[in-house]
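Enquirer: Required output: the full structure, derived from the provided sequences and hints.
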Amino acid sequence: MKLTLNWLKEFVELKDSPQKLVEALTMAGLEVESLAPLRSPDGRGEDWLIDVAVTPNRGDCLGILGLAREVAALRGGRLRLPATKLLPADSKAPPVKVEIRSPRCCRRYSASIVESIQIGPSPAWMKSRLEACGIRSINNVVDVTNYVMLETGQPLHAFDLDRLAAKRIVVRQAKGSKKFVTLDGVERDLAPEDLLICDGDAPVALAGIMGGRDSEVRAETRAVLIESAQFDPATIRRTAKRLGLHSEASHRFERGVDPEGTIYALERASSLLAEVAGGRPLNVIDRYPRPLKPSAILLRHQRLADLIGIEFKGAEVEKNLRALGCKVRRRGTIGFNVVPPTYRSDLSREADLIEELARLRGYEKIPFTLPRARLGGAKPDARLRWERAIRAYLAGEGLTETIHLPFASAEMNARFSGTADGRKPVPVLNPLVQESAELRLSLIPGLIESLKINLAQRVKGFSAFALGKVFFLDPSPRERHHLAALLHGGRERIGLRAPETPFTFLDAKGLVEGILERVGAAGRSTWTDSGVPPFLHPGQAGRVELDGAGLGYVGAIHPDLSEALSLPRFFLFEVDFDGLVQYASHEIAIRSLPRFPSVERDLAVVVDESFPAQQIINWIKNLRHSLIEGVEVFDQYRGAPIPEGKKSLAYAISYRAENRTLTDSEVHALHQDLVSRISELFGARLRG
Amino acid sequence: MNESLDNLREEVVGRIDRSASEADVEQLRIEILGRSGTLTALLRGLKDVPAEERPGRGQQLNQLRSHIEERIAARLQALKAEKRAQALSDERVDVTLPGSRRERGHIHPLTLVMDEIIDAFLTMGFEIARGPEIEDDYHNFEALNIPKDHPARDMQDTFFVAKDRLLRTHTSPVQIRVMESRKPPLQIIAPGTVYRRDELDVTHSPAFLQVEGFMVDRGISFSDLKGVLTHVLRRIFSEDTAVRFRPSFFPFTEPSAEVDIGCFNCGGKGVLPGSQPCRVCKGTGWLEILGSGMIDPQVFRFVGYDPEKFSGFAFGMGVERIAMLKFGIEDMRLFFQNDVRFLRQFPTF
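Line by line, the protein sequences are chains A and B. For the first sequence, our numbering assigns the number 615 to the initial residue and increments by one for each residue that follows. For the second sequence, our numbering assigns the number 558 to the initial residue and increments by one for each residue that follows.
Among these hints, one or two may not hold up.
[Claimed, not checked] As a list, the in silico BS3-like pairs of lysine-lysine whose alpha-carbon atoms are at most 27 Å apart:
{"hint": "1", "chain 1": "A", "residue 1": "K623", "chain 2": "A", "residue 2": "K699"}
{"hint": "2", "chain 1": "A", "residue 1": "K979", "chain 2": "B", "residue 2": "K839"}
{"hint": "3", "chain 1": "B", "residue 1": "K839", "chain 2": "B", "residue 2": "K826"}
{"hint": "4", "chain 1": "B", "residue 1": "K705", "chain 2": "B", "residue 2": "K720"}
{"hint": "5", "chain 1": "A", "residue 1": "K789", "chain 2": "B", "residue 2": "K720"}
{"hint": "6", "chain 1": "A", "residue 1": "K711", "chain 2": "A", "residue 2": "K623"}
{"hint": "7", "chain 1": "A", "residue 1": "K634", "chain 2": "B", "residue 2": "K839"}
{"hint": "8", "chain 1": "B", "residue 1": "K866", "chain 2": "A", "residue 2": "K993"}
{"hint": "9", "chain 1": "B", "residue 1": "K866", "chain 2": "A", "residue 2": "K1083"}
{"hint": "10", "chain 1": "B", "residue 1": "K839", "chain 2": "A", "residue 2": "K792"}
{"hint": "11", "chain 1": "B", "residue 1": "K839", "chain 2": "A", "residue 2": "K789"}
{"hint": "12", "chain 1": "A", "residue 1": "K634", "chain 2": "A", "residue 2": "K623"}
{"hint": "13", "chain 1": "B", "residue 1": "K839", "chain 2": "A", "residue 2": "K927"}
{"hint": "14", "chain 1": "A", "residue 1": "K907", "chain 2": "B", "residue 2": "K705"}
[Unchecked claim] According to the in silico footprint, chain B covers these stretches of chain A (three or more CB under 8 Å from chain B):
{"hint": "15", "segment": "636–642"}
{"hint": "16", "segment": "668–675"}
{"hint": "17", "segment": "1003–1010"}
{"hint": "18", "segment": "1035–1049"}
{"hint": "19", "segment": "1200–1206"}
[To be verified] Computed spacing ranges between beta-carbons, pair by pair:
{"hint": "20", "chain 1": "A", "residue 1": "K1235", "chain 2": "B", "residue 2": "A577", "range": "58 to 68 Å"}
{"hint": "21", "chain 1": "B", "residue 1": "S738", "chain 2": "A", "residue 2": "S1268", "range": "27 to 37 Å"}
{"hint": "22", "chain 1": "B", "residue 1": "G885", "chain 2": "A", "residue 2": "L1207", "range": "32 to 42 Å"}
{"hint": "23", "chain 1": "A", "residue 1": "D1216", "chain 2": "B", "residue 2": "G682", "range": "25 to 35 Å"}
It should be emphasised that the hints constitute simulated quantities derived from the structure, not laboratory data. For every residue, glycine included, the Cβ atom is placed at its ideal position computed from N, Cα and C.
Expert: Next up, the structure:
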C-alpha cells in the first residue's frame, strides 16, 4: 500500500518526522518497505512516498483512513476526516432499484447517482497522487473512484448510468450466465458460484473484481452510478484466483472491507465528483439487510498477563483498546467486555485483543525470560548422529558434500530409478519448467549436474556425495532418504605431485563397505552382481543387500549412458539411507585378546575369470572349524604365466587355538587338508 | 721386552684411531685379539715364560688387552657418532615443502549452518521431529488456521503433486503432526526441506531448508519466546548480536512477531563510513531473520489441546538466508550449483 505523507496528514494530526513515523509503523506491525522523498509538481511543498507492507489480516490498512487510525492510536494525534457533502435522502423514488439476491455473498450494496458529469482529465494534484501511488490516471470519474479507494480502502465502481438499460441492479451468482467481457476487453468464462452485478438480467460487472466493457464510463458519459459495496471475501477470492484476475478492488475485498464504510466513501466520491467533474449528486440507494454487529469479546486480565508475561494496568488496556476504536466495558475484577469496531474484522477473539495490547505496548518493552527447564526431556537423536557420522566418514574419504534441488526431468528419472527398478516418479502438477516436472527418484541426476558444472571449470577429478530425499509412487506418494556418491578421476593428494591412481570399482565399493562398517551392519550385508540396474556397466556393478533386503548398488556408469550424456566415465553408488539407519547400531562388542599366537598360511589358486573370490571365503567360513580364525583374499592376478581366461587368487588363512600354541606340524596338516579339499571342490589349480 | 709391548701398543692404537669404518676396526680386533691374533698369541705364550716372570708379564699383557679393547670401543663409538651425524645431515628435509596428505571432502555450507542451528537448540533441551515433504492440505494449511480461500495462502505459492497432495510450503505441518500424537510438555525443532513455487534466482529457490521450532507447556509466555529466540540467535551469530521483535502476521500464531537482528555489515547504523547506504540491510540497520509467535488457540483446537490449559510459541527460520548472511554470500544459486571452487572454501569435517 503506497501513500504520501501529506495525504496521510489530511486524515490525522501528525507532528513526527517521516523517519519517526516509519519507525513507529514498522514497530507496530505495519512494515514500511520504503520511504522516498517526492517532489510534488503542484508546488504544495515537499512530500514523501511511503510504501507499507500490509499483512493479509489488516484489510483496514489498505486505505489511508485505516493507516490514519493506526497512527492516531500509536502516536496520539487526532483523527480528522475530509469533509463531505451530505447526500440528499431524496424523497423522490430513486431512478435505479437495487436487489441483493445472494445476501451471503453481499452484505451491503450502496450506490449513488451523479448527474451532469463532464468527463475530462483529472486535476494535476489528483493525477500526481494517483500516479505516485501506482495507479494510472484514466479520466476524472474513474480517477475519483480510485482516489477514494486509496483514501478509504473501499473499492468503488462507476457505471455509465445511461447504459444500464434496465435501471435495476441485481447482485446474484452467475448460475446460468456463462461468459462475460470485462472492461479490459477479455471474455471471461464464468463459474456458477461467481458473483455478478447485473442490470436486470445482463451482467455488468464481476462483483468486486472488475467492471464490464459495456457499462464502462466513456467520454460521452453524462451520469454515473457509483457502487460502494461489501462482498464476501472468500467468494471474491475464489473467482479472482480462478480467472487469474487480481485487481486493486479484489485485493481489498479479499481482505475484508468495512460494511459500515460504504456511505462515507460514496459521500466522499460525490463531493470530489462535484469538484472535479461538475457532477450533481442525487440519491443514495442503500441495501443493508443484515447490519454487521460485532459481538463482545471477554478479555481477561489473567489471560493477558499469562500469555504476554507481564502485567497490564486496567487503564492502559482501556485506553489502548479505545484508541483502536473498540467499545470497552469493565467486567468486575475479571477483565473487560470489548466490542471491536466494524472495520477490524480481524479482531474476533480474546487472543486477537491480547496481540493488539502487546503491539501497542511495544514488543521491545516486553522482557526476555527463559522458561523453567525440564530435565530429562530430550532424547538424543539417532538419525542426526548417523547423518553426521556418515558425512564425516565420506568427507574424510575425500568426497565433498553437495545439495541439489529435489526435482528431476522425466528423462533423467527414466534413466536413474534409484535403488529399486521400475519405480514410478511423483509428477509435479504445476512445475516451473519442464526440466523439473517430477520429483527425483534418485540422487544421481543431481550429482551428474554438479559433475557437469565442475567439468566446465576443468577440474581434474570430482568426488562428491549427497544425502537427501527421493520420491516415488507406491501407489500413493512415498519418500525415502537416500545416500549417493559419484567418483570421477582419482583421489587427489595435497603436496608434491605423485602419479595419480584412478578410481576403480573397488574404491566405490570400499566406500559402501566403510559405511556399512561404520553403522555396524557389515556382518549382515551380502553382495551380488545379479539384477544390477541397467544404467550401470554390466561387468562393473554390484548390488548390496542387508539381511536379504535390497539396500543399493555400486558400479561404473554404463558407457552407452555416459556417451549419451556427453560425460566421461565415473563410478557411483546409491543406498537407501533409511534402510541403513534402521540397521545401524552403536553397540560395541569387545572380545578379550587371545593368549596364544596365531599362524598364517597362504593359499593361491588358479580359477576361471568368472569365479567369485568370495565363494572360497564363504566355504571356509561355513566349515566353522574351531582352529580357523579367519580368511581373507589379498591378491588377484591375471597374465603370464596364468593361462588366458584364468586368474590367480591368493588367500591368507589364520589358524589359532584358544588354549595352546599350535605346532607347525599341526598347522601344516590342517592347511594341507584345506588346500586339497578346495582344489577338488572348486576345480582350482594350486599355484606354487 | 717391555719395549716391544710398548711398540705393539703404539702401533695398534695408531691403527685403531686411523680405522675408517666399523669393519676396519673389527678386522683389526680379530688381527690383534682374535683366536690367532697377535696379543692372543702372546697371552698363549705366557705358559712358556719362566714362572717368576709370569705374573708380571701376565699383568702387562692383560693391561694391554684392556687398553686395546677400550680404544676399540671408543673408536667404534666415534665412528657410529660420525656415521649418525652424516646420516642426520644426509636425511635433512626442506620444511618449506608442502605437507603431503590425501585431499579431504568439504561439508556443504547449508549443512554447517543447519548443524549450528540444531546444536543451539539441542543444548537447550529441544528434540528433533521430522515429517513428510509431501503433505496434505489439512496439515499444511487448514490445521494451521489457513482456510481455503484465505489471502494468507498468497504468502506461499504451492506445488501440487496430486489432488490434495502438495509439497509442504513450510515445516509447520510437523508442529501439527507432533501435537496430534503427543501431549505437552513439548520442545521440538523440525528441520527440513520446504517448497515454494518461486524460480531459482539470487534470493529465491523453489526448494529450501527451514527449521521450525515450538514449545508447548503450561504457562509459556511471549516473554519466554523472546528469551529463547534471543538466546539462540546469539548462539548462531554472536553473543553481542542485537535482536529486535516486531509485530507481524502469521495465521497460526497470535501474537505474531517478526524477528530482526542488527546488521553486522554496518553495525546496525544503516550507513557505511562515507555515508553510503548499507547494501546488506538496505539502509534499515536490521536483517529479517525469522518469524515467530504464540501458537494460535485455533491451532490448539485442531490438535485437541485445551488452549485454556496450554500455551506455547512457534517459530521458523530459513537456513539459506542465515547462511547467506553469516558467510556474506550474495547469490542463493551458489548453494545448489556445488561448484567445488565455492565448496572448498568451507571446512572439512
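Enquirer: Which numbered conditions among the earlier hints are violated in the structure presented, ordered from lowest to highest?
Expert: Numbers 6, 9, 10, 11, 13, 19, 21, 22, 23 - these are the hints that the structure violates, sorted from lowest upward.
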